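Numbering of the sequence shown is given in the working numbering, commencing with residue 1 and proceeding in unit increments.
What the hints contain is simulated information worked out from the structure, not anything from laboratory work. The model shown is predicted, which means the values in this text are computed figures rather than measured ones. Any given hint might turn out to be false.
Stated by the list, open to error - Using 30 angstroms as the maximum straight-line C-alpha spacing, the simulated BS3-like pairs for lysine-lysine come out as follows: (1) K271 with K282; (2) K180 with K164; (3) K33 with K282; (4) K265 with K286; (5) K271 with K382; (6) K295 with K382; (7) K350 with K164.
Stated by the list, open to error - Okay, the calculated beta carbon distance ranges per label pair: (8) A327 with N97: 22 to 32 angstroms; (9) G4 with P148: 33 to 43 angstroms; (10) N59 with E184: 34 to 44 angstroms; (11) K40 with G328: 31 to 41 angstroms; (12) S333 with R252: 31 to 41 angstroms; (13) T214 with Q323: 34 to 44 angstroms; (14) R115 with G190: 20 to 30 angstroms; (15) G328 with R176: 37 to 47 angstroms.
Every residue gets a Cβ at the ideal spot worked out from N, C-alpha and C, and that includes glycine.
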Amino acid sequence: YREGLHHNPKNSHLMQGYAVLLINLGQLKEAQKLLIMSVKNNPSHSASWCSLANLNSFNGDLGTARFCFQSAVENDPRSFVALQSWGQLESDLRWGNATKARELFRRALEVSGNRSVHCFHSWAVLEKRQGHPEEAQRLIQQALHLFPGSTRIRLMAIELQVQKGGRSNENIDTVRAMYKDGFESAAAIGDAGFVQSWAVFEQRVLEQQEWQRTVRARKDKVAILGDQEADLALLELRRDLGADLEEATARRLRQVAAIRRLFNKAISLNKYHSASWIGWAKLEQKYGNADVARKLLIAGISNFPASKNIAWFHCALGSLAVQQARAGGQGMSEARACYQRALAASPPQKSLPIITEFASMELSYGSFPFKETTKLIELAKKRFGPS
Numbered sequence: 001y002r003e004g005l006h007h008n009p010k011n012s013h014l015m016q017g018y019a020v021l022l023i024n025l026g027q028l029k030e031a032q033k034l035l036i037m038s039v040k041n042n043p044s045h046s047a048s049w050c051s052l053a054n055l056n057s058f059n060g061d062l063g064t065a066r067f068c069f070q071s072a073v074e075n076d077p078r079s080f081v082a083l084q085s086w087g088q089l090e091s092d093l094r095w096g097n098a099t100k101a102r103e104l105f106r107r108a109l110e111v112s113g114n115r116s117v118h119c120f121h122s123w124a125v126l127e128k129r130q131g132h133p134e135e136a137q138r139l140i141q142q143a144l145h146l147f148p149g150s151t152r153i154r155l156m157a158i159e160l161q162v163q164k165g166g167r168s169n170e171n172i173d174t175v176r177a178m179y180k181d182g183f184e185s186a187a188a189i190g191d192a193g194f195v196q197s198w199a200v201f202e203q204r205v206l207e208q209q210e211w212q213r214t215v216r217a218r219k220d221k222v223a224i225l226g227d228q229e230a231d232l233a234l235l236e237l238r239r240d241l242g243a244d245l246e247e248a249t250a251r252r253l254r255q256v257a258a259i260r261r262l263f264n265k266a267i268s269l270n271k272y273h274s275a276s277w278i279g280w281a282k283l284e285q286k287y288g289n290a291d292v293a294r295k296l297l298i299a300g301i302s303n304f305p306a307s308k309n310i311a312w313f314h315c316a317l318g319s320l321a322v323q324q325a326r327a328g329g330q331g332m333s334e335a336r337a338c339y340q341r342a343l344a345a346s347p348p349q350k351s352l353p354i355i356t357e358f359a360s361m362e363l364s365y366g367s368f369p370f371k372e373t374t375k376l377i378e379l380a381k382k383r384f385g386p387s
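Let the sequences and hints guide you as you build the complete structure.
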């Protein structure tokens with residue numbers, strides 16, 4: 001890119017491509033300068049306007065992001081990328097406009113001749129968020145007819161099936177079959193997200209089974225011992241369910257091992273898939289392998305030194321530090337440092353889950369719980385409003 005721009009310094013295609021590379025490397029300020037230069041040199045370059053819009057959206061400047069998308073569409077009314085990306089911005093429940101998003105998705109599909117799998121998917125996500133699963137299902141079925149091999153559409157169909165049928169044994173089998181049907185296609189194209197989603201589903205099924213066993217055990221204990229003694233028995237049983245893998249049942253060992261293999265497969269398909277690293281670490285943390293969890297998170301951070309997702313690694317390390325401090329009766333200084341790094345790395349508009357988890361930690365285990373929690377609540381109010 002540098003060589004090309006040296007010979008052709010006003011080439012908007014090169015500027016925009018180089019800016020996207022810089023964004024992926026975490027060099028956001030340099031990318032923004034390039035994109036601003038690109039649209040100044042060539043105001044009709046829709047791709048540069050879109051990249052600048054997405055960058056401003058990521059930084060929380062939604063007004064500028066909308067202006068950039070509007071400029072992209074005005075300069076190229078048939079820019080499918082601009083229409084779809086703008087629709088995705090308006091799909092957000094917190095600040096978007098669902099009516100505007102539907103209009104943009106409709107126009108994008110018209111421009112593409114109803115041949116865009118991404119647009120069908122984005123529109124279905126909007127309808128799912130808006131509480132219209134039937135409309136989302138209609139869009140996904142239409143997309144599956146056009147793109148039967150799309151793992152992205154298959155994954156959305158699975159999410160809708162889970163929402164529709166819950167976690168009954170019958171629906172679990174249905175969903176598992178849908179994952180199996182899409183697994184080979186996902187592996188063939190390196191779709192780590194599909195495989196990671198399957199791992200998360202299986203982990204939730206396992207957690208549900210464990211909880212059901214706990215509830216059944218409690219009912220049995222109540223019938224025999226009465227409420228107070230049953231509560232004590234329940235605590236003992238919960239401790240057993242959270243014990244090291246060596247003490248777990250053979251069935252749970254097999255289930256955990258199968259989930260671990262799915263996370264490992266996802267990472268083998270794409271070692272930069274942050275959700276797989278974090279998901280695997282949380283699995284190990286839950287089942288007593290804190291050292292393994294820490295190694296996974298640290299390895300993930302080494303792969304993502306300037307990633308947009310680095311905050312979630314630090315947040316997961318914070319959660320792990322809280323668990324270890326509680327077990328060892330130690331202070332929360334390491335956990336606090338992890339959450340502070342997570343906040344520093346997170347875009348302001350995406351920081352609410354981190355603030356919430358950090359505040360919960362301070363309130364439960366901090367040395368000055370009300371003082372520190374109040375600070376975090378004020379930060380949340382500043383960024384997200386009083387609600």
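Handout entry: Restraint check for K33 with K282, where alpha carbons must lie at most 30 angstroms apart
Key = 38 angstroms, violated
Exercise for the section: Hint says 33 to 43 angstroms; check whether the CB-CB distance for G4 and P148 agrees. Expected result: 39 angstroms Cβ-Cβ, so the 33 to 43 angstroms window holds.
Handout entry: Range agreement (Cβ of G328 with Cβ of K40, hint 31 to 41 angstroms)
Key = Roughly 57 angstroms apart at Cβ, these two residues miss the hinted range, so it is violated.
Practice task
Kindly confirm whether 34 to 44 angstroms is satisfied by the beta carbon distance between T214 and Q323.
Solution key: 19 angstroms, violated
Problem - Verdict for R115, G190 (Cβ pair) under range 20 to 30 angstroms - result: 23 angstroms, holds
Problem - Distance restraint evaluation - G328, R176, Cβ atoms, bounds 37 to 47 angstroms - result: The hint (37 to 47 angstroms, Cβ to Cβ) holds, given that G328 and R176 are roughly 39 angstroms apart.
Problem - Pairwise beta carbon distance, N59 to E184, judged against the given window 34 to 44 angstroms - result: 39 angstroms, holds
Practice task
Verify the proposed pairing of K265 with K286, using a straight-line Cα cut of 30 angstroms.
Solution key: Distance ~20 angstroms between K265 and K286 Cα, so the pair holds.
Practice task
Starting from K271, check that the Cα of K382 is at most 30 angstroms away, please.
Solution key: Since the Cα atoms of K271 and K382 sit roughly 36 angstroms apart, the hinted pair is violated (cutoff 30 angstroms).
Handout entry: K350 paired with K164 [C-alpha distance capped at 30 angstroms]
Key = Distance of about 28 angstroms is within 30 angstroms: holds.
Exercise for the section: For the range 31 to 41 angstroms, tell me whether the beta carbons of S333 and R252 fit it or not. Expected result: 34 angstroms, holds
Problem - CB-CB spacing for N97 and A327 relative to the 22 to 32 angstroms hint - result: 47 angstroms, violated
The structure shown violates the earlier hints numbered 3, 5, 6, 8, 11 and 13.
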